[in-house]
Amino acid sequence: MSTIKLKYEIPANDFIIAGEASSNVKNKLTQIGVSADIIKKAAISMYEAEINAVIHGNGGYAYVEIFSDKVVIKIVDSGPGIPDVEQAMQEGYSTAPDKIREMGFGAGMGLPNMKKYADKLEIYTEVGKGTTIIITVNF
Amino acid sequence: MKEYFHSVNLDKDKCRGCTNCIKRCPTEAIRVRKSKAQIINERCIDCGECIRVCPYHAKTAINDGLDIINNFKYKVVLPAPSLYGQFDKKYSRDNILFALKSIGFDYVFEVAKAAEIVSEATRQLLKNNEIKKPMISSACPAVVRLIQVRFPGLIDNIVKLESPMEVAAKIAKSEIHEKYNIPMDDIGAFFISPCAAKATSVKSPYEKQKSNVDGVIFIKDIYLKILSALNNVDNTKKLAEAGADGIDWANSGGESGALGTEKVLSVDGIHNVIKIFDEIEADRLSDIEFVEALSCTGGCLGGPLTLTNVFIAKTTQKKHMSEASKKSINGIYKRSYKDLVWTSNVEYKPVMKLDQNVSKAIEKLEMLEKLYEELPGLDCGACGSPNCRALAEDIVRGTANETDCIFKLRERIRGLAEEMVELGGKMPPVMDRDK
Ligand code: SF4
Ligand code: SF4
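First to last, the protein sequences are chains S and V. The numbering used here puts the last residue of the first sequence at 687; the count rises by one with no breaks. The numbering used here puts the last residue of the second sequence at 449; the count rises by one with no breaks.
Among the hints, erroneous ones may be present.
With a Cα cut of at most 25 Å, we get these calculated DSS-like pairs of lysine-lysine [to be verified]:
1) K384(V) - K374(V)
2) K384(V) - K618(S)
3) K146(V) - K663(S)
Derived from the structure by calculation, the hints contain no laboratory data.
The following block holds chain S by itself, in its conformation from the complex:
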C-alpha cells in the first residue's frame, strides 16, 4: 500500500510563509480526490498547528503522511513547551505577546480549533524542550 510522506520546514516568526505547508497539503488532498469537508478539517487543524509553531515554538518541522484512508500530520517544534495543556485547550486562552495579537494571530483558538477539526489529537510536550502535535484526520 503506497503512502505519501512529505516534510516541510516551518520557519520561526515568519508570518508570510506560515500557512504555506497547510495550503500545499490541501492541494495534494484535492488531487487525491478527498472530499471537501475532510480537506477543510485537515487544512484548518494543520494551519493552526503550523501557526502555533511559528508563534510559540521557534519554528520547526511538519511531517505529513497521506494514507488511503487518513492523513497524519505531525508538527514538531523545539520551543518552550506547554506548561499546562488543559489550560491551553481552553478557548481564548493565549500566551501570545501583544504584538502578535495585533497582527490578528494568537487569539487562543489554536488548540481548541485543532481539537474541533482533528479526528484524533495527540500532544506531547515538555517544558524547555518542545512540543509535538499529531493530528489525524480520517477520510
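Let chain S serve as the given structure and place chain V with the ligands on it in line with the hints.
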C-alpha cells in the same frame, strides 16, 4: 454527460506558441503542444485572462454575431451596465440606449434595472439566518466556475439567485408579451456582454436547463455600430430608467455597496479572488456576510471584451451614476425573492483529481512528487506546461514526457554524447593495430 461547453477559444493561425498565456491561467488550463496553445476544456472557467495577456490576439471568444437577432420576429436588447462606460462622456445614457436600439432592436431593457431587483432579493436573503454566510455573489460566472473546479467547500456559499441578465430577459419578455400580445416564442432577447463568461452562462447555464437569453453579442463587436449610430441621436427619447445602484454593478464594489451593510467584502481580479477564497475556505474571514467577487480587475468595466480602458470607463460610469436617481425611476418591482431562486444547484467538478480511485491517486501523486524533485524547478514553461509541477502532473496523467523538459533533454543528450565518444574510441578488433 454532454461535453462541457466554454466560450474562450484559440485562433490557431495567430498563435505562435509563445507560452505567455499558460502562466496566467488561474486553473492551469492551457498547454502549448506542437507550437500551439491548447485549452483543457473542463478546466477553463472562461475568465478571459488569456485573452488579455496574448500578445498576438490569438485567444478569442466564440460569439453569436449580430445576425443572430434575425432569427426572431421581435428583438429585445439587454445592455450590460458596463456598456455605458464605453463611450465618450458627452453622450447621455438615453443617447447610448437610443443608438443601441436603432441598430435593429425593437425594445431595450437595461440589465442595470434587473440588477436592482437582484440587490433587493439579496438583501432579503441576508436577513435569513438559515443561509450560509458569507454569501458569495454569483454575478460573475467565471467566479462560479472557479468555485466549481477549485473550491468545492464554497459551493454552499454561492448566492443561488438568478443573475441580472437572466432576470432582465425574463421580465422584458413577459412585459412585451403582455403589452403587445406577441407570442413568447417570437421574442428574442440579446445580451450585450463585456465578457466570454456570460456567453458561457447562456450556452450552458449551471443553474437551469435553458437560459432566457437567446444570444450574446460582445461589446467589442457592436461598439462601432453604436458609435456611428450615436452621430444622429434623438435627444427627446427617454429610455434610461435604471438607478445609480444598478448602474454601479459594472464596478467592483457596486453590488455589495447596494446591500446597505458594512459586513461586505469586495474583491476583483481572478488571482485576488483565489486568495480570498482560500481565506474563506479556511474559516479565517470573520464578520463578513457577503462577498462580491469579480474575475476582472475593476469589475465588469474591465471585462476582457470591452474596449475602453477600465480606469477611464470608471470615470464615465461615475458620471452616468450621478445623472441617475439612486433607484430605478419606476421603483423596483415588488416581488418575492423566491421567484429568483435557482431551481437546481451547481456541482463540484473534480478536474484536479488524479484518479477515480484513492489508492491509485496516491500512487500517482507519489510518482508526481518524485518526478517533480528531479525537474530543475525553473518554471520556465518551455515544455509547454505552466510550471515544473504541472509538467510532473502532465507526465503522470500521460499527456507529456520527461524529455519535454529541455534541461532533462539536454542531460539525456549529454549522456548519449559521452557514450558516443566512448564508443567512438573503441576500434573493431580487425582494425586495432596496437594488439
Ligand atoms: S479563459 Fe481563463 S481559465 Fe480559460 S484558458 Fe483562458 S485563462 Fe485559463
Ligand atoms: S467580472 Fe464581469 S466582465 Fe469579468 S468575467 Fe466576471 S461577469 Fe464577466
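Comparing the hints with the structure gives:
1. K384(V) - K374(V): 15 Å, holds
2. K384(V) - K618(S): Distance of about 21 Å is within 25 Å: holds.
3. K146(V) - K663(S): 23 Å, holds
Hint compliance for this structure: every hint is met.
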